[in-house]
Amino acid sequence: MKLIIAIVQNKDASKLQAAFVKNNIPETKLSTTGGFLRAGNTTYMIGIKDERVKEVLDIIKNISRTREQYMTPPVNLDGGISDASYPVKVQVGGATVMVLPMDNFYQF
Amino acid sequence: MKLIIAIVQNKDASKLQAAFVKNNIPETKLSTTGGFLRAGNTTYMIGIKDERVKEVLDIIKNISRTREQYMTPPVNLDGGISDASYPVKVQVGGATVMVLPMDNFYQF
Amino acid sequence: MKLIIAIVQNKDASKLQAAFVKNNIPETKLSTTGGFLRAGNTTYMIGIKDERVKEVLDIIKNISRTREQYMTPPVNLDGGISDASYPVKVQVGGATVMVLPMDNFYQF
Ligand code: NI
Ligand code: NI
Ligand code: NI
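Chains as they are written, first to last, in our numbering: chain A, 980 to 1087; chain B, 980 to 1087; chain C, 980 to 1087.
If you're looking for bench data, these hints aren't it; they were derived computationally from the structure. Careful, some of the hints might be misleading.
No copy is singled out in the list; a pair is fine if it fits within one copy or between any two copies.
Below are the DSSO-like pairs computed for lysine-lysine, each with C-alpha atoms no more than 30 Å apart in a straight line [stated by the list, open to error]:
1. K1028 x K990
2. K1001 x K990
3. K1028 x K1040
4. K1001 x K1040
Every value quoted in this text rests on a predicted model; they were computed, and no experiment measured them.
Turn these sequences into a full structure, and let the hints guide you.
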């Protein structure tokens, strides 16, 4: 067994959690704040068999990795012509994942 | 030293915490939500000497394990005769416990 | 890589967090309650290279260790002469730190 600790952006958390449920990956969500990533992250603890670690990592990577998105900034309200009304590339997502050895796992 | 991470139902948390205090088991309670068990769980982190791991596991098992309880459902208010007014068996409790190796433990 | 879990008093948390930021130590703050120390603690999770563990421990120790402070108790409001208006020594701070082995560390 391994303990996987995954810290992801809040914006990716609900999609990630749905994927955990769909793939029958038992997770516990910790209340966390700031730090590793920009403000607003969620931490998952997952106790999992060694042979399923790669599957969990792939899910986290697919959903939560750092990627670029085009975002249209708010229109300049003073009526001036501004470059800011064109979509700009922003970086979103990102995940920090730690895999820890586990001595024993029990379900009582 | 080992790190014991125990995820239990909220309904068992106060009795479990009282047992930790009584047995001088130093624990930290994490704010958690959903996942391993039905909604409403509590996660404890316990840093403990190897020779006390069994003692801690026994306490968690005794207090938090899955068991059956008889529960009387709410009476049917429309006055009809209903099976639902008899006690029914429900499953409560349950604990997921992970024991992790620890390299070092400090108290400053 | 190691996972350092540090539980400190709330009163030391903001100074400690500033030191983590200044020294480029990536940390995640967990919402925690009671247990290891008197009520009101904060738990940090830090994933860090083996060669920086001592640096992190030194920072935690310097800022959060148990120490004595002189505190002037509130003046006795009934106007009587009381020893309590002199500063008294109180113990503050304290940190519990666990260092766990890590198999793998990923940033996606
Ligand atoms: Ni294993
Ligand atoms: Ni040990
Ligand atoms: Ni290492």
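Item to check | 30 Å Cα threshold - placement of K990 relative to K1001 | outcome: So K1001 and K990 pass the 30 Å test inside a copy (19 Å) and across (27 Å) alike.
Checklist entry - Is it within, between, both, or neither for K1028 and K990, if the alpha carbons may be no more than 30 Å apart? => result Intra 28 Å, inter 28 Å, cutoff 30 Å: intra and inter.
Item to check | Same-copy or cross-copy closeness of K1028 to K1040 [CA-CA at most 30 Å] | outcome: both (18 Å within a copy, 22 Å between copies)
Item to check | Alpha-carbon proximity context of K1001 and K1040, limit 30 Å | outcome: For K1001 and K1040, the Cα distance is within 30 Å both inside one copy (16 Å) and across copies (29 Å).
The structure fails none of the hints (numbered hints given earlier).
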